[in-house]
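Trainee: Line by line, the protein sequences are chains A and B. Just so we're aligned, residue 65 is where the first sequence starts under the working numbering, counting upward by one. Just so we're aligned, residue 736 is where the second sequence starts under the working numbering, counting upward by one.
There is no bait here: all hints are sound.
Computed footprint of chain B on chain A; a stretch qualifies when at least three of its residues, placed anywhere within it, have a C-beta under 8 Å from a C-beta of chain B:
| id | segment |
| --- | --- |
| 1 | 134 to 144 |
| 2 | 160 to 171 |
| 3 | 185 to 194 |
| 4 | 197 to 207 |
By construction, these hints were calculated from the structure, which means they are not laboratory data. We treat Cβ as the ideally placed atom computed from N, Cα and C, and that holds for glycine.
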Amino acid sequence: MRSITRAAIVAALVSLIVPQAAFGMAKKPLVIPHLDTAPVDSLAPVSGEGASRMSLLTASLSLISGGNAGTNSIAFTSLTDGDIVVVTDPNYFTGHAGLFDRSHYSGILSYAMLSANVQPYNGVQYEKCAKYRLNDRAYALRVPQEYGHRFAVRDWASRQLGKPYSILATKTDLSSFYCSKLAWAAYRYVAGVDLDADGGFWVWPIDLVNSRYTALVGYWG
Amino acid sequence: MRGGRRVWLLAGGVMALAASLGSVCWIGLQRPADASTVTSGALAVVLLPRADGSRLAVVDLASSRVVRRIELRSLATDIAVDTSSGLVVGAQAGGFGPAIDRAASLTDVRTGAVRYVDLPVIDPGDVACVGGRAFLLHSTLEASGTAFSVADVASGRVTGSGNIPGPPGLWASAAGAIWSTGSDSAGRPSLRRIDSRTLCLSTFGLGGFLPTGLVEAGGRLLVLGTDDASGQVTSGAVVAIDPGEGTAVARGTVVGLARSPQCAVQIGGRLVLGDWNGDEPEGRVLRLLDATTLHDLGSLGVDGIPCALAAWGDRLLVVDRERGRLLVVDPATGRTTSAIELGERDLVFSDVVVVGERK
Chain A
65 MRSITRAAIV
75 AALVSLIVPQ
85 AAFGMAKKPL
95 VIPHLDTAPV
105 DSLAPVSGEG
115 ASRMSLLTAS
125 LSLISGGNAG
135 TNSIAFTSLT
145 DGDIVVVTDP
155 NYFTGHAGLF
165 DRSHYSGILS
175 YAMLSANVQP
185 YNGVQYEKCA
195 KYRLNDRAYA
205 LRVPQEYGHR
215 FAVRDWASRQ
225 LGKPYSILAT
235 KTDLSSFYCS
245 KLAWAAYRYV
255 AGVDLDADGG
265 FWVWPIDLVN
275 SRYTALVGYW
285 G
Chain B
736 MRGGRRVWLL
746 AGGVMALAAS
756 LGSVCWIGLQ
766 RPADASTVTS
776 GALAVVLLPR
786 ADGSRLAVVD
796 LASSRVVRRI
806 ELRSLATDIA
816 VDTSSGLVVG
826 AQAGGFGPAI
836 DRAASLTDVR
846 TGAVRYVDLP
856 VIDPGDVACV
866 GGRAFLLHST
876 LEASGTAFSV
886 ADVASGRVTG
896 SGNIPGPPGL
906 WASAAGAIWS
916 TGSDSAGRPS
926 LRRIDSRTLC
936 LSTFGLGGFL
946 PTGLVEAGGR
956 LLVLGTDDAS
966 GQVTSGAVVA
976 IDPGEGTAVA
986 RGTVVGLARS
996 PQCAVQIGGR
1006 LVLGDWNGDE
1016 PEGRVLRLLD
1026 ATTLHDLGSL
1036 GVDGIPCALA
1046 AWGDRLLVVD
1056 RERGRLLVVD
1066 PATGRTTSAI
1076 ELGERDLVFS
1086 DVVVVGERK
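The following block holds chain B by itself, in its conformation from the complex (with noise of 0.2 Å):
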């Protein structure tokens, strides 16, 4: 009987054993067959848009390789990262009638993980992040005017909503606010700030200066546009603003483009500044600046047409909107170090962050 018992002992472990392998092996499989390549550095996550669903492309930046292919559930027209999770927002507009979507995505790009916050109203366009939350802004008119929504990230909850007078316009985050542009009584061109707290607005003129780009670029809210009314543009300008007062601190002129500068992004003392907006001719250039005096330095020729930009350490991140690449840049000598395949040409537009930092 002591050897039956243990011959039963014996099998009773093997089978634990065996149970045991068996629940890594299950656990093992229910993991995403790419879940082992991403890895803790630094990610570039890409937008790429389809109406019936856009992609997320999720790309190791020290490995050049794209580790991550995320389906979103409609039509997502912009994305941000939330720095406080590490989670990108998806403004997920959706397509028209009955494809058009009302949420936010929160996505876990190291995960592969997909939450979805349900919002107010319809047609969210853009999203901006500050503080760990989202605010989104609806193409969706109310009495009070444009509506934004606000949507705390790590509990996937709307907090709050507002309006701002007008038609909706350029929408960033930049000095722990988010601003916006649109038009005052007269029809002039006007700049807004929304407290991030109180959601209470400020508007500052913007005199004749049409603006066609926001972007928040060390630490300062940067303004792109022209003050070439007629359309006939032939040089652009970029603007600092005072983020209390609302006015201008230093003020650059943007040549070399073919229309005045619709994004920036600031790699040390340099700002890259481009023109994509998805009208003929796409160029093929990009503009550098200094980024404290904005006096102009010149120009950096891109393999490929650049729709969309995005900083990584010394490094300019570009997507080239034509063969759906992502081109890593060294803005000092203008070689691309690497070129990276996103699976999808011909890209209608997208987008473009990064996800921790580069060592």
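Just chain A, same shape as in the assembly (with noise of 0.2 Å):
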């Protein structure tokens, strides 16, 4: 009964927030528009002033969220460094995101992705490229016009390795870092470009998809 509950929800909410015309599509779309919620990444233990900031729709869509079991094809040899992966599913709302580090990457069982994942201390850390292809869609994105930032992006993304996992600090504080907070941050203080398509608290991982600077490298779903 509860699953129906939250599959039911999960179909509400996507028809309503996500026209399904927006994926599927071999061309980036334009704009998939959504609320400005946190990333469902959002299950780190909360406490003082930050909790009061957490919407009762985060908490839903935290509750709602949970495994998928979609496969995509994404081919990661397309990639260079700096690229951003962004994921999503039906049963996983607002995705996750990542930024690959080449210099890494010896195939998808190796560690070359750089992200964030609930774990209030260093929740920055290399993931396996394997666990981007166990999700529906995968979208490949590159920043044209800052190309030739992009191992600067990389390194200054690897050297938050080992921070903590927040979703409740400002996109601003570099102390901590939620999955797409720390691609968006990347490029925001090496090149100097904002990324989150806009604007608001959170920059959803979606939000690298909309974004007027991100080119798609491909799109496997």
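Make the complex out of the two chains shown on their own, each in a separate frame, by following the hints.
Mentor: And the structure:
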């Protein structure tokens, strides 16, 4: 019963907020509208004044998110340092984002994606590329006008390794990160470009897809 | 009255018999439906990855049949066998965000029973077993490097933890130790040995050799990789390492593969190498080397896409990623003697281990 309720809530929210036509497109969609709520990674413990920032909807989204069983065939060989990968899935409402580090890539079982996960401490980490293939859809993004900064962007992100995870800190607070904030901050503070398509308190993974500064290297879904 | 007592005794006996029969039936009903098909012989265990919970397909190699499918609680990205207990240990990395996990699964594939050991940190991506203990490499970086956890398989308890400098690399057990790859302070590739008892770390330089695989074969550590830093790999190499000194004792060149070798398994006097790493193009060819001299012996064509290898006596076990099959191959002739459907196709990746030996 609970799963049915969850599925119904997911279906309703997805149909309401994310046009299905926006997914499954071979080219980059111009805009995928959404509410500026926190990425679902927000199950980390919360306390203090930051806790009050978490909206009811965010909490609800956290509860209805879950695992998925889809796959995609993202070609990591088409990526270069500093490229951003965003994966989404109907059951993983906000998706996930990571920054590619080619110097650590030797196949999909290697740890070459820089991101942050739910862990109060040591949240910024390298992830196995194979995990990004276990979602329904994958967007590979590049920032063409900052291509010359790609190594600096990658190195900036790698210097954040081991920093704590937090969904409640402001975007400009560089003492903690969540997945899409890491990629956003790397471009913001190395190249001076703001990849958050619609501003707001949080930068969603899909904000990086929607950004006018990112170009689609590839879409797999 | 005496006759009545007999009736009561008879009735009591019938009821006791019925009760015992009932309990036998009840016990029978509680057993997994496929339990009777799990033999005491060798079993191949194939990892079928899924973000919402990986599966283990258990194959009875004597009858070439899948006898059990075991569902794990989260995505497992690697499996290994603890030879002292026969349990299969899974690195339960989980997915992203709230779906991430921090456990090792301990599976008795003969009964289907699974236990989970909660680990101190999240995202264990690789596992290797030595001396009844499972060593799990996390992708989580701490101040002193990448975290690893140690769990005693028999008791299911975490018994240790540590760090290796830098980001996570390759991870394997060989010659009674745990081995990993990384970079030194100048960014040059290096090999690390973790003493399985003391957890002390030793580091050895690899020169310009770029490792793409670490395997134990015939009691030796083999480092698979390439000398070509340009990425335009035309040939790979295999280096056998002295586990005490960390120095190369033998070296062989690998030709005929699309990329540098990623995995290897020793079968008799042959070393079988594969180059699957998830990138296109996916080859259908394995390479054979002399296990002692590392001299090239030619190639072995596979009826499928070989993404994981294991040895079963004198037979080679190959997971065909594309069609989701376990192939039993005679490496001497290249003939596939059995092809077992695993129930899932287009595997994102896989792993295969053998529990029990071939008689």
